[in-house]
Structures are given as structure tokens and as C-alpha cells.
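Trainee: Residue strings, one per chain:
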Amino acid sequence: MRAIFLTGLALWCAFVFSGTAAAAAPAPKPKSTPKFNPRDLTGIWMQTRARPFPSYPFNDQYQGIFQQRLADEAAGRPFQVAQDRCLPAGLAASMTTGAYPIEIYYQTGGQEILIEKENIGALYRVFLNRPHKSADELYPLFYGDSVGHWEGDVLVVDTISLGATAALDLIAPHSDALHVIQRFHRVSYDTLEDELTFDDPKAFTHPVTGTAVFKLHPDWELNEYECTNERMVTDSQGNQVVTPAAKP
Amino acid sequence: MRRALSVWTVLAFLSVAQSGAHHSGAMFEPVKAVEFEGTVREFQWTNPHSWLQLVKTTDAGAEEEWSLELGPLVGLARAGWKPRSLQPGDKVKVSFHPMRDGSRGGRLISVTLPDGRVFNGQAGAPPDAPSGH
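Taken in sequence, the protein lines are chains A and B.
Sequential numbering of the first sequence, starting at 1, is according to the working numbering.
Sequential numbering of the second sequence, starting at 1001, is according to the working numbering.
In case anyone wonders, no lab produced these hints; they're calculated from the structure.
Since we're looking at a predicted model, the values are computed, not measured.
Glycine residues also receive a C-beta, built at the ideal position from the N, C-alpha and C atoms.
Fair warning: there could be bad hints in the mix.
Unchecked claim - So the derived label-pair ranges between C-beta atoms look like this:
1) A:V187 <-> B:T1058: 51 to 59 Å
2) B:G1080 <-> A:T228: 20 to 28 Å
3) B:G1089 <-> A:S236: 32 to 40 Å
4) B:D1059 <-> A:P54: 44 to 52 Å
5) B:D1115 <-> A:C86: 29 to 37 Å
6) A:S236 <-> B:V1034: 21 to 29 Å
7) B:V1118 <-> A:Y139: 47 to 55 Å
8) A:T228 <-> B:P1114: 22 to 30 Å
Required output: the full structure, derived from the provided sequences and hints.
Mentor: Structure follows, in C-alpha cells:
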């Protein structure tokens, strides 16, 4: 009799507690992937740590420039990139080392695509409704003259006239002949790939291609970023020093 | 051994050089970290870098002012910093990479607040972000 009672109690407990556990922890529903239009690149995107280029195929002249910059860096006299003077990083450096989010907008019915970088609010425009400006209209620019078109779901952007900066990242050199082709492809709801081709006939032995990967951050917003307090400056000897306790 | 140390030092240097991402890190000691306690004189909530002006009292009783560079305010804000996270007069403990030239400055690694909270001084970019600018 006692054995029957204990068996019954055990079965009751197993039934009750298994039901309680099931009620407390329902099986999670599979997470649905939001639908997206692959031609809609709008939103705030942040580049991942993956770097598109491990190295560059410099010719002898530019390999020499690169080596000199490395030597100066090691000696505490680093090459002064444009952003050391609160100027824009430029297109190539923005896409190889993007430590700040970008926001992409469409306007004029999608015929003009705006890409804004949070850092100093730099904005560059991709025109889908015109060819490049003529050579006599162009001058050295930070983000160049960019024209684009769609190939299926890939936005192809062609940029020239990038002579206002001279760094592919924080140190590697480029010339004023740098030509950048970007192929933006939204491969999933939250992933945007930018296949970059750098062609620099004055600096490279051949063009190079690499891919920068961006992740969507729908809950972020871009903040105001004015460069007001750069205290790392170059002294008259070319050394970087800190200005004393500057006020913002 | 010497070669291995050299490679490691270069990698560490590049890591520090790129961690702040706005400019080269050549002015900082790449591996060395210094820690001390001090009093906040001013917290500059600015771009391209925020700065902590910290007063340290030496063993001899003299006061020294140090300038410690943080990430840009936009990155610090995403990591939980607030414009008034550090207030003048706060007693804090700092860890930083000192200037190579020996001047009173460096790149802040972390700061421990009076209430025990620890903030990353180089939260200039979200964790999954690349370094660079």
C-alpha cells in the first residue's frame, strides 16, 4: 500500500512539475528575419573589424614613401593625415578604417544617394543621373566626384578626383590619380558589403579589390560631431605633442 | 627570443597606435601602462577626443596636472559615458599609456570613479568596429 502511495506521489509530482516547467519556459519561437528591399540601403551602418586590404601593391616610388612614413611613425614623427587638422578623412580612409557609423539617404527619387559619416558630419553624394564632370571642372576633393548606377541589386559607384588627401588609411599613401570603384550589395537585412577596388596608376603596380562589411544599427542615431578640440599637434620639429590644457 | 620580442612589440605598438583611431598613436608608449590616483580638474567632453585634466599630488606634496586623451564623445556616449560622468573635484584612479617624450600626458585606458564604476577611456568605437578613422 505504501509503495503504491509513493509511486502515485512521484507520478503526480512529475506531472505537476513538468507542467510548471513547461509553463514557465515555453519553447522559444524561431526569430523571424525582417523583410528588406535589397535596393534599399538607407539606414545607419557600422563597419566591422574586418579590414578590406591587408597590403597594397605599391610601385617602387610609393613603396619608398610608405617605408618612410613607417620609419617616421616609429620615430614618433607620424605622417599627418588630414583628420589631424580636423579635415575629412577622405573616401579611401573612410572605407578602409571606418571607426564611425555612416548613414545612407536617398533623395531626388533615388537619383542622388547621400552617404554621411558621423565623424565631422562628412557627406558625400553619389549621382545616378549624370556622368563624371569634365576634367576642367574637377579639382582635388576629399570624397571625389562620384557617379553610380544599379547592376541588379548592386549599387556601383565610380569615384575620381580624390587628390585632397594622400592616405588610404592612417598611413599608406595614394596619389591624386586614385580611382575608386565601390559595389554596394545588401546581402541580408542587417549586412551591407562594399566591394572596393582601388586603382592608382601612379602608386600601384595593379588594382586591388577588397570588401568592407557593414552592419545595420536601426536603433542608433548619428550624433553631432564638430571637431573642436584637437590637442595632438605637430610642433616645429615635426614631433607630435599635446597642447597644454586647451579649452574646448 | 629577441626577434619574437620585437615582433610582439611591433604588434602591440600597432594595436595601441590604431586603437584610438583618430590619429597615429606614435606619441604614446605602446606597452607601458601607468596608474595613479588624482583629482579631476576638468573633463572636456569634445571631439575628436575628450580629455581628462587630472591633478596628481606627488610624494613631495607638489601638484602636477596631467592631460589624458579619451575617445571622441560620440563613441564614449554609446558606451555609457555621460557629459558629466567626471566632475571637478572627483577623486579617481586612472590607468593610461604615457607619452613617449615623458611629458605629463597619455592615452587613457580606464578610469575608476569614486563609486567604483570603471569606464573604458578608449570607447571611441563600438566593440565590433574597426579601428581607424
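Trainee: Hints first: check each against the structure and report whether it holds.
Mentor: Status of each hint after checking the structure:
1. A:V187 <-> B:T1058: 51 to 59 Å: Roughly 57 Å apart at Cβ, these two residues keep to the hinted range, so it holds.
2. B:G1080 <-> A:T228: 20 to 28 Å: At roughly 22 Å between Cβ atoms, A:T228 and B:G1080 fall inside 20 to 28 Å, so the hint holds.
3. B:G1089 <-> A:S236: 32 to 40 Å: Holds - the Cβ-Cβ distance for B:G1089 and A:S236, about 37 Å, lies within 32 to 40 Å.
4. B:D1059 <-> A:P54: 44 to 52 Å: About 48 Å separates the Cβ atoms of B:D1059 and A:P54, which means 44 to 52 Å holds.
5. B:D1115 <-> A:C86: 29 to 37 Å: holds, 35 Å
6. A:S236 <-> B:V1034: 21 to 29 Å: Given about 28 Å between the Cβ atoms, the range holds.
7. B:V1118 <-> A:Y139: 47 to 55 Å: holds, 49 Å
8. A:T228 <-> B:P1114: 22 to 30 Å: For B:P1114 against A:T228, whose Cβ atoms are near 28 Å apart, the range 22 to 30 Å holds.
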